[in-house]
Amino acid sequence: MILLTLLIPLILGLFLLSTINYKQGRLAEKLALSFMLGLGILVIIMFILSLLNLSLNLIDLTIAVAILILLMAKARISPLPQGEGIIGVRAFQLKSLSLPKLDWLEWSLLLIIGLKLALTFFFALIKPMIDVDAFQFYSIVAKGLFYQKNYFAPYLTQFMFDKPPFPFLAQGWVLISANTMNDCLLKIIGPVLFLCLLVIFYSCLRKEISRTSALLFTFFLSTLPFMLYHATTAYADLYISCYFAVGGIYLYQAMKEKASSLNYLLIAAVCLAITVWTKRGGLVLSLVCFFVYLIFSLINKTNLKNSLLALLTFILLILPWLILGKAGLFIDLFRLTIGQIISSPAAISTAQEMGPLPNTAVIIAVFSKKLFLYADWHLTMALFIVSLVFFFRRAVSQPAVYLLAIIIFCLSSIFIQFGSIGMFRWLLDGTLLDRLVMNEIPLILYFCGIVIGPSLFNAQKKNACAQDS
Amino acid sequence: MTIKKIVFLVFSIISLTGFAFGQEALLQFQPSPSGPFWETQEIGIDSSEYNTVQLRIKAEQNGMAQLFWATSYDPRFDQYKTIAFPLKQGIHKYTINVPSQNPNWIGWVKKIILLPGVPIEIQSVKIMRGNLLTNIASGWQEFWGPRGRLIIGSTINTIQPVNLFGRSIFVYIYWVIGLSTFAFLAYQLYLNLKKQSFEQIWLETGKFTVFLTIIFWVLLETSSLFNNWLALKSDWKYVGKSQDERLALANTGDFYAFIKFCQANMPQDSKFDMRIPPIYNDIKARYYLYPREQTTVEADYLIVYDQAVEPAVKALCSPYKSFRENAYIMRPKQK
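Residue numbers (this note's numbering), protein chains in the order written: chain A, 1 to 469; chain B, 1001 to 1335.
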């Protein structure tokens, strides 16, 4: 039954990609992207069905997915060439299954990436849930969905607070589709999303740099201890990191491929919309991306119609979440962003108890220690600094500079969102900082890849590799 | 050859300096009558003179141990004055340069205790002024020690780094990368400034730094893989087990057995209140017992697990089912 858990989002995503008419990627990239998009859309379907007071059982969900697939098949942007399947399945021939010609370094990197993935699946699936927040919030609601088949069951709402529904519904989907209350399986979403992220990360990077370099940076991503740990839990931090990273990567692709940017833009819009569904911070991250793209569009005079279509897709997808009455949350976020602290009596009282903030030097010392001296990211931050210092020209070239802007604005937004005294302590005491920075880490590595990657292996090898793959 | 001899001679002199001028004292550890730990008598050791503890321990199996000490400034044994280290099965020597791993080794040390996680026998304990060799042994042991390697429970907010001489391993890596980069740049400028533009040299230096970073990344990853191996060994106990067996293993003591007992004795559509010590098992109980809903008003059952029930509440309830002493289910009298 667990196959069904993965298969239905995958098929839904394949049809979505077909509707968008995305043909640029390789098969593995399309499959990974399909699963991520399909799961996001499935969650939105589950939410809408709950709003309509319809039962979230497997049959009803399958029918809803089937109806959506039919609608998408009708709404394809342009017809497929004759004989080509929904995502260009014609490319999936036996010859494409033959082993690529890799050198020893590439095999070694691939081996370690595979090993880390295998370990991630093992640690996630072998043991039951052990993380407090997962019990306290997400998994009990997922269990509730399994028994009640309704997201808005009164008892469950007390565990949701104002958290966006993706983690609850995605975990609920696992239990409903597998028809079991096995809480080891609840965690399968994490490793699968991580696998998808690695595949997409490699595939997109490969479009710009040699295979060895792309594998090297994918190896970096696959070995980040903090990310791996989160892939084995049932928290929401990995979900937001994966969707935001993929959204950011495709937005970058859209900026790079100005001529054929529409399908990249649409994929980015869908991923960024799903980011909003994963965690509250997703809205800020998505808005930063759109803000940077707006600047890019104004400078480069891109096709306005395409940009508006992407924006419309984004708004349409987050609309169900907005009309539920969560607009207040966005207003709070906006107020925070423009610097107004929440002035509730509780917040003021907490702020008074906390006393004044430590001085700037202390704050910088704490943050530096967290970012540079902990084992969360290995040497990602050092690599980022190296890319900015030694490869400055490439770092500020178009369109890499826009990716850099997204990273810097998103990192800065952490301090704006948590700038009030009452909330800043969550950054200082280490509760939130690393988890929030994790959202940007894949993009930072991607940026390092496109900036440093071309210098690591010579052009001759790059060409040879390009022919190979 | 001459250089090798000089290096060997200098190294030997440095190593032997500690022995030549080093003070050394033997400490007597006894099993404590008040708990599962070993302790010294009241002692008075100047921490600035003696910084290294060397223990010879016979352990029945692999496990962990924690060294605690009380000082003239702070006579308590607490989490601030402790060092954890791994124990290996058999007889082994453990060397700990205490102040390099914990800055609270200050003033006069009044007493030391050792809390082992597995049955042990302490064969001898020396306290001394460390030398190069003992410092290396201590650093090596610290590097492979539990900090940054074992994840106990959840580590959702951060992953601790491996330490060496009390500092994160990253500090040393950044120093090596920084100094090497600087040296490489200086060397390139000295050698090639007339042949190449500064920009080319700068780019070459960047590539050199990236390759150094890759090397250290691979080393860090090797260390991470060792951590993964430890985690794999720890989680292997779940392999081949049924879901209920896994849940029993993932919980401490008889907690999950108690949950099963509650599930068997409370209908799925019932409501319950609970007296379970926070902050972990109470959350778990709420999760495990769902679809039974937890409520603080008009509950059908009150489940109690190792926590006292307020007399006023107890007066309103009567015993229903007992799992064991201090773990039972009650029902409101009017029901």
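Take these hints with a grain of salt, some might be off.
Claimed, not checked - Simulated crosslink set (DSS-like; lysine-lysine; CA at most 25 Å straight-line):
| # | chain 1 | residue 1 | chain 2 | residue 2 |
| --- | --- | --- | --- | --- |
| 1 | A | K149 | B | K1271 |
| 2 | A | K207 | B | K1207 |
| 3 | B | K1088 | B | K1233 |
| 4 | B | K1207 | B | K1195 |
| 5 | A | K256 | A | K74 |
Please keep in mind that the hints were generated in silico from the structure rather than gathered at the bench.
Is it true that the CA of A:K256 sits at most 25 Å from the CA of A:K74?
-> The hint is violated at about 30 Å.
Could you grab the alpha-carbon distance between B:K1088 and B:K1233 and see if it respects the 25 Å cut-off?
-> Distance ~15 Å between B:K1088 and B:K1233 Cα, so the pair holds.
Is the straight-line distance between the alpha-carbon of A:K149 and that of B:K1271 25 Å or less?
-> 19 Å, holds
Do the alpha carbons of B:K1207 and B:K1195 lie within 25 Å of each other, as the hint requires?
-> Answer holds: B:K1207 to B:K1195 is near 18 Å, not above 25 Å.
Are A:K207 and B:K1207 close enough, with their CA atoms no more than 25 Å apart?
-> 21 Å, holds
When held up to the earlier numbered hints, the structure conflicts with hint 5 and nothing else.
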